[in-house]
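Peer 1: Next come the chains, spelled out residue by residue.
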Amino acid sequence: MPAEISPQTNAYSNSEIRQGINNSAKIAFACALASAIAFFVAYLSQISTISAEIPWTFNTQWVPRLGVELAFRVDGLSLLFGLLISGIGILVVIYSYGYFKAHKSHDRLQWLLLAFMLSMLGLVSSDNIILLFIFWELTTITSFLLVGFDHENSNARRSALQALLVTGGGGLALLVGLIMLAQASGTYLLSEIIAAGPAIAEHEHYPVILTLILLGAFTKSAQFPFHFWLPNAMAAPSPVSAYLHSATMVKAGIYLMMRLQPSLGGTEEWFYALSIAGGITAVWSSMMALKQNDLKLMLAWTTVMALGTITLFLASNLQIAALAAVTFLVVHAFYKCALFLVIGNVDKSTGTRDFNKLGSLVRFMPITTVGAVLAALSMAGIPPFLGFIGKELKYEGALALAEQPWLIVATAVAANAMMVAIALTFIFRVFLGGQSTITREPKEVSVLMWIGPVLLATAGLLSGIFPDLIAQSFIQPAVSSILATSSEVKLSLWHGVNGPLILSVITVAIGTLLFFKLNLVSQAINNLVEKLPVISDNAYEVLLNGTQSLASGLTNRLQTGSLSHYLTIVFSVFVVSVTATLLYQPVAMNFTNLTAVTPLIALVVIFMMGAALVLAFSNTRLLSICALGVVGSGVAVLFLVFGAIDVAITQLMVETLFVVLIATVLIKLPRFPEQKNSAKGRGYRDAFIAIAAGVVMTIITLGVSLTPLDMTVTEFFEANSLVKAYGRNIVNVILVDFRALDTLGEVAVVATAAMAVIALVKVRVHPQGPHS
Amino acid sequence: MNSLIFSTISRLLVGLMLLFSVFLLWRGHNEPGGGFIGGLVAAAGIIVYGLAEGPAMMRKLLRVNPRTLVLIGLLTAMFAGILPLLQDNAFLTGMWMFIGATATDKGLALGTPLIFDIGVYLVVVGGVAGMVIALEEEL
Amino acid sequence: MEILLSLLVGVLMSVSVWMLLSRNLVKFLFGLVLISNVANLIIFKVGGLTMGAPPLIVDGIAAEYANSLPQALVLTAIVIGFGLVSFTLVLALKAYQAIGTLNVDEMTLAEKRQDPDDSSEPS
Numbered sequence: 046m047p048a049e050i051s052p053q054t055n056a057y058s059n060s061e062i063r064q065g066i067n068n069s070a071k072i073a074f075a076c077a078l079a080s081a082i083a084f085f086v087a088y089l090s091q092i093s094t095i096s097a098e099i100p101w102t103f104n105t106q107w108v109p110r111l112g113v114e115l116a117f118r119v120d121g122l123s124l125l126f127g128l129l130i131s132g133i134g135i136l137v138v139i140y141s142y143g144y145f146k147a148h149k150s151h152d153r154l155q156w157l158l159l160a161f162m163l164s165m166l167g168l169v170s171s172d173n174i175i176l177l178f179i180f181w182e183l184t185t186i187t188s189f190l191l192v193g194f195d196h197e198n199s200n201a202r203r204s205a206l207q208a209l210l211v212t213g214g215g216g217l218a219l220l221v222g223l224i225m226l227a228q229a230s231g232t233y234l235l236s237e238i239i240a241a242g243p244a245i246a247e248h249e250h251y252p253v254i255l256t257l258i259l260l261g262a263f264t265k266s267a268q269f270p271f272h273f274w275l276p277n278a279m280a281a282p283s284p285v286s287a288y289l290h291s292a293t294m295v296k297a298g299i300y301l302m303m304r305l306q307p308s309l310g311g312t313e314e315w316f317y318a319l320s321i322a323g324g325i326t327a328v329w330s331s332m333m334a335l336k337q338n339d340l341k342l343m344l345a346w347t348t349v350m351a352l353g354t355i356t357l358f359l360a361s362n363l364q365i366a367a368l369a370a371v372t373f374l375v376v377h378a379f380y381k382c383a384l385f386l387v388i389g390n391v392d393k394s395t396g397t398r399d400f401n402k403l404g405s406l407v408r409f410m411p412i413t414t415v416g417a418v419l420a421a422l423s424m425a426g427i428p429p430f431l432g433f434i435g436k437e438l439k440y441e442g443a444l445a446l447a448e449q450p451w452l453i454v455a456t457a458v459a460a461n462a463m464m465v466a467i468a469l470t471f472i473f474r475v476f477l478g479g480q481s482t483i484t485r486e487p488k489e490v491s492v493l494m495w496i497g498p499v500l501l502a503t504a505g506l507l508s509g510i511f512p513d514l515i516a517q518s519f520i521q522p523a524v525s526s527i528l529a530t531s532s533e534v535k536l537s538l539w540h541g542v543n544g545p546l547i548l549s550v551i552t553v554a555i556g557t558l559l560f561f562k563l564n565l566v567s568q569a570i571n572n573l574v575e576k577l578p579v580i581s582d583n584a585y586e587v588l589l590n591g592t593q594s595l596a597s598g599l600t601n602r603l604q605t606g607s608l609s610h611y612l613t614i615v616f617s618v619f620v621v622s623v624t625a626t627l628l629y630q631p632v633a634m635n636f637t638n639l640t641a642v643t644p645l646i647a648l649v650v651i652f653m654m655g656a657a658l659v660l661a662f663s664n665t666r667l668l669s670i671c672a673l674g675v676v677g678s679g680v681a682v683l684f685l686v687f688g689a690i691d692v693a694i695t696q697l698m699v700e701t702l703f704v705v706l707i708a709t710v711l712i713k714l715p716r717f718p719e720q721k722n723s724a725k726g727r728g729y730r731d732a733f734i735a736i737a738a739g740v741v742m743t744i745i746t747l748g749v750s751l752t753p754l755d756m757t758v759t760e761f762f763e764a765n766s767l768v769k770a771y772g773r774n775i776v777n778v779i780l781v782d783f784r785a786l787d788t789l790g791e792v793a794v795v796a797t798a799a800m801a802v803i804a805l806v807k808v809r810v811h812p813q814g815p816h817s
Numbered sequence: 119m120n121s122l123i124f125s126t127i128s129r130l131l132v133g134l135m136l137l138f139s140v141f142l143l144w145r146g147h148n149e150p151g152g153g154f155i156g157g158l159v160a161a162a163g164i165i166v167y168g169l170a171e172g173p174a175m176m177r178k179l180l181r182v183n184p185r186t187l188v189l190i191g192l193l194t195a196m197f198a199g200i201l202p203l204l205q206d207n208a209f210l211t212g213m214w215m216f217i218g219a220t221a222t223d224k225g226l227a228l229g230t231p232l233i234f235d236i237g238v239y240l241v242v243v244g245g246v247a248g249m250v251i252a253l254e255e256e257l
Numbered sequence: 103m104e105i106l107l108s109l110l111v112g113v114l115m116s117v118s119v120w121m122l123l124s125r126n127l128v129k130f131l132f133g134l135v136l137i138s139n140v141a142n143l144i145i146f147k148v149g150g151l152t153m154g155a156p157p158l159i160v161d162g163i164a165a166e167y168a169n170s171l172p173q174a175l176v177l178t179a180i181v182i183g184f185g186l187v188s189f190t191l192v193l194a195l196k197a198y199q200a201i202g203t204l205n206v207d208e209m210t211l212a213e214k215r216q217d218p219d220d221s222s223e224p225s
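In the order they appear, the protein sequences are chains A, B and C.
Residue numbers for the first sequence follow this note's numbering, beginning at 46 and rising by one.
Residue numbers for the second sequence follow this note's numbering, beginning at 119 and rising by one.
Residue numbers for the third sequence follow this note's numbering, beginning at 103 and rising by one.
In case anyone wonders, no lab produced these hints; they're calculated from the structure.
Don't take every hint at face value.
To be verified - Lysine-lysine pairs mimicking DSBU-like chemistry, simulated, CA-CA at most 30 Å apart:
| no. | chain 1 | residue 1 | chain 2 | residue 2 |
| --- | --- | --- | --- | --- |
| 1 | C | K196 | A | K713 |
| 2 | A | K769 | B | K178 |
| 3 | A | K535 | A | K402 |
| 4 | C | K196 | A | K807 |
| 5 | A | K402 | A | K488 |
| 6 | A | K576 | A | K562 |
| 7 | A | K402 | A | K576 |
| 8 | A | K146 | A | K336 |
| 9 | A | K769 | A | K713 |
| 10 | B | K178 | C | K196 |
| 11 | A | K488 | A | K146 |
| 12 | A | K336 | A | K402 |
| 13 | B | K178 | A | K807 |
| 14 | A | K336 | A | K488 |
| 15 | A | K576 | A | K488 |
Unchecked claim - Coverage of chain C stretches by chain B, computed from C-beta distances (three or more under 8 Å per stretch; other residues unrestricted):
| no. | stretch |
| --- | --- |
| 16 | 184 to 195 |
| 17 | 198 to 204 |
Said to hold, decoys possible - If you want the ones that stay clear, here's a sample from chain B, every Cβ over 10 Å from chain A, calculated:
| no. | residue |
| --- | --- |
| 18 | L122 |
| 19 | I127 |
| 20 | R129 |
| 21 | L130 |
| 22 | L136 |
| 23 | L137 |
| 24 | V140 |
| 25 | F141 |
| 26 | H147 |
| 27 | E171 |
| 28 | A174 |
| 29 | L179 |
| 30 | R181 |
| 31 | R185 |
| 32 | V242 |
Yeah, the Cβ is synthetic: ideal placement off N, Cα and C, and Gly gets one too.
Just chain A, with the same shape it has in the complex:
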């Protein structure tokens, strides 16, 4: 994996700031902001009804035959996500306006943010699973464009492509899984699938459905072994990372697992898949986070860790586990988004994100520091922040999990201790203490850029002190949706001295220790990682390069540019595939109703065969043209004998015109060369292919002529030609009336060919070649 992702400050340097922001960017900003606010207000206005467990629904037909409806349903879980997406969306849009200022593609970024927000809102509100999939893919595409926003940077392009391929590949698996789920439950409506409860677990395809859907969710939410794309996606601008990679897109997979838990969850397969993937993700990413110097990468790895933790808790269907997952989701969205925005400010002001080079930023950026410290304290889980409640719930959930509680508790403690260490790094190494080695003097950012982090961090503090602000209105309905039963939820800061509190104390102690020995720890982790085979990102590389070299190898093999090579392949495939089909499914031949051969036809056929053989062995052009003429005229005679007068006349006319054309052109071309002996081996091979093609064609033609024909269409033409189309010549009536559209197309082909010939004839070519 790429160790360092260079800061992007240079691309949006100060010289651009002085220029005004152009109008298209202002319009885009206004649209994005207005939409975000409108959605946020709309969701807020629904809180009272939805927290009473009355979902808001909207249904209309779209593709009724495929069971695709524009079905939207906003229940507690959707509401929680909707508020997070639109609320954080408001702050990110405002932040981006200050961050990108006069950047030449500022308008594009704002439109993309809007498109992404709408896709994300659609995703969490869809009730039809096909619709859900469409929005799912839309978030993949818009996030591809957002991660690759800085498209002149090859690293950004690579990361964007990687995110697209990994999540897009998971999306394909998800599509199949969702369709199988719908088929198994007999409905495409999510609400009905969920209402049916865990009956699907009895279905014979349950393991396949579960695997495919989890593939989609794990790739999207960066679970092991698909976690590698998320840290790489840090090539995105900071506001994009804040929005996509902390609060929204990476939570789409989490949303899907939460949504489907009543239907797919509660089984052993579900439990082990989620707890193993989540556990490995959490532990591995904790270690990776500690070894980073780049603050943004550090945050990215803690995001992966958070996603792993939530996945781990979703493994169980206990209420306390669901509550822990939802609460932590909200906590994480608040502090992580704030911290990403803070990093954006630091990066913008100082030009670096390496915490070894930064220090005591409070002197230069006091307001940003306030946001950073508040958010970091919430991340560390210090009371009275919401983070503390989240952490206590995690421990409570971990202790309550029936199977392997100590393993899960240990995982949770390790992960949280690491977060404490990282939070302390933020606070004491970057903002409140530490030595700065940067040369330029950082400035505080504009209000547009500090309002977001400060508001989010304050939200984390206020909702910690007054947990009832969010407990009944957001958390409880969401938990009820996950469990598909009404649940009572109570959040409070103080539970008394109990297991979780003791674990909290231990966590802070370990975290502080880690912080003081950070260099030692990251050295140790580096040593460990070097010994481990880091396969995921490498496997991606190998797979991608392998596919590319396979494709170019095949192309070089097949696209040789040699006409005879192409034709050899075409006819060989024809012979082999038809022969195989004939052997597998022989044609039934019934020789009882053969028509007698008349002398005229026998004569014509013998002439034609003779002429064909002459053509094959002729080495003069005149003889060849004569032989061709004999064959062509013979075909015309056959048409005539079998009642196709029109066709026979056409054939004769065309034969005549051929001779004129070929004679005109051949004057300009050299004679046939003498046969070379060196080509003999190739000659045998060609002869073999030619004879085999002839034999195969004989068998097919004979087989078809001995099979009774379906004459329905012909009978229709015969019956209606005179009555409906007033014509006695059925062939002509077919051409100009019944199938006139076909004829129009064919006439267009003739016209195109004629135009092409006329144009080509007039092209002047130079003997050395047209290009030189």
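Mind docking chains B and C on chain A? Use the hints.
Peer 2: Relative to the frame of chain A, chains B and C by itself:
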């Protein structure tokens, strides 16, 4: 080919063939013939004339650029298709009128398929003659 | 009759493939003309063969007509085939004028000489 006999006959022949081609086109709906065959016969006539007199004379005989002829032909065929649209029929539906129809005889039937066939005729004449003219001129 | 005509189709097919595989472009062209004929013949033949009785409706006679559908197909196919062969013919002429050979292998080599980057792997 500067043969006096061939030149003289070709002039006679081209007139006859053009006349015959129109006859084939006209009767094509009921007897062997039609736009494709008529067009090929006409093109063959023009080419015979061109072999005797040269490509410049072929252009003179056609009066319009062969490419224009192809275009007119395509537009004519399209026109035959668009007409029925005006009466809320599907594209290219045959529409007929009968001139001098009586109770026993439906008289002279004229319809959009004939227009369509004329379009086919023009495309074939223009296309084939155009190819040969272009080749004769360049080589 | 069916056997005889199928044999004819087979022989014509063999000869046309043989011609198409030839390294000489003019022989290839002859093969192209021939294979269009073979294709038309096959379509016509598998549509069922009836001696006489062209598909022209005569009042009062309920005759058994030859199958009109393949006839319509073949008729347009012949004209289009003519367009195709004409184009290939002119293309061959121009290729000869440009490269100075009618051997398809030498043509391939000449093309590669002109575009040395053409054979390199796409990046």
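Peer 1: Now, for every hint given, state plainly whether the structure supports it.
Peer 2: Taking the hints in turn, this is what the structure says about them:
no.	hint	result
1	C:K196 / A:K713	10 Å, holds
2	A:K769 / B:K178	42 Å, violated
3	A:K535 / A:K402	44 Å, violated
4	C:K196 / A:K807	10 Å, holds
5	A:K402 / A:K488	16 Å, holds
6	A:K576 / A:K562	22 Å, holds
7	A:K402 / A:K576	28 Å, holds
8	A:K146 / A:K336	34 Å, violated
9	A:K769 / A:K713	52 Å, violated
10	B:K178 / C:K196	27 Å, holds
11	A:K488 / A:K146	16 Å, holds
12	A:K336 / A:K402	16 Å, holds
13	B:K178 / A:K807	20 Å, holds
14	A:K336 / A:K488	29 Å, holds
15	A:K576 / A:K488	43 Å, violated
16	184 to 195	holds (count 4)
17	198 to 204	violated (count 0)
18	L122	21 Å, holds
19	I127	16 Å, holds
20	R129	18 Å, holds
21	L130	18 Å, holds
22	L136	14 Å, holds
23	L137	16 Å, holds
24	V140	15 Å, holds
25	F141	13 Å, holds
26	H147	4 Å, violated
27	E171	15 Å, holds
28	A174	16 Å, holds
29	L179	16 Å, holds
30	R181	17 Å, holds
31	R185	7 Å, violated
32	V242	6 Å, violated
In this structure, the earlier hints numbered 2, 3, 8, 9, 15, 17, 26, 31 and 32 are contradicted, and the remaining ones agree with it.
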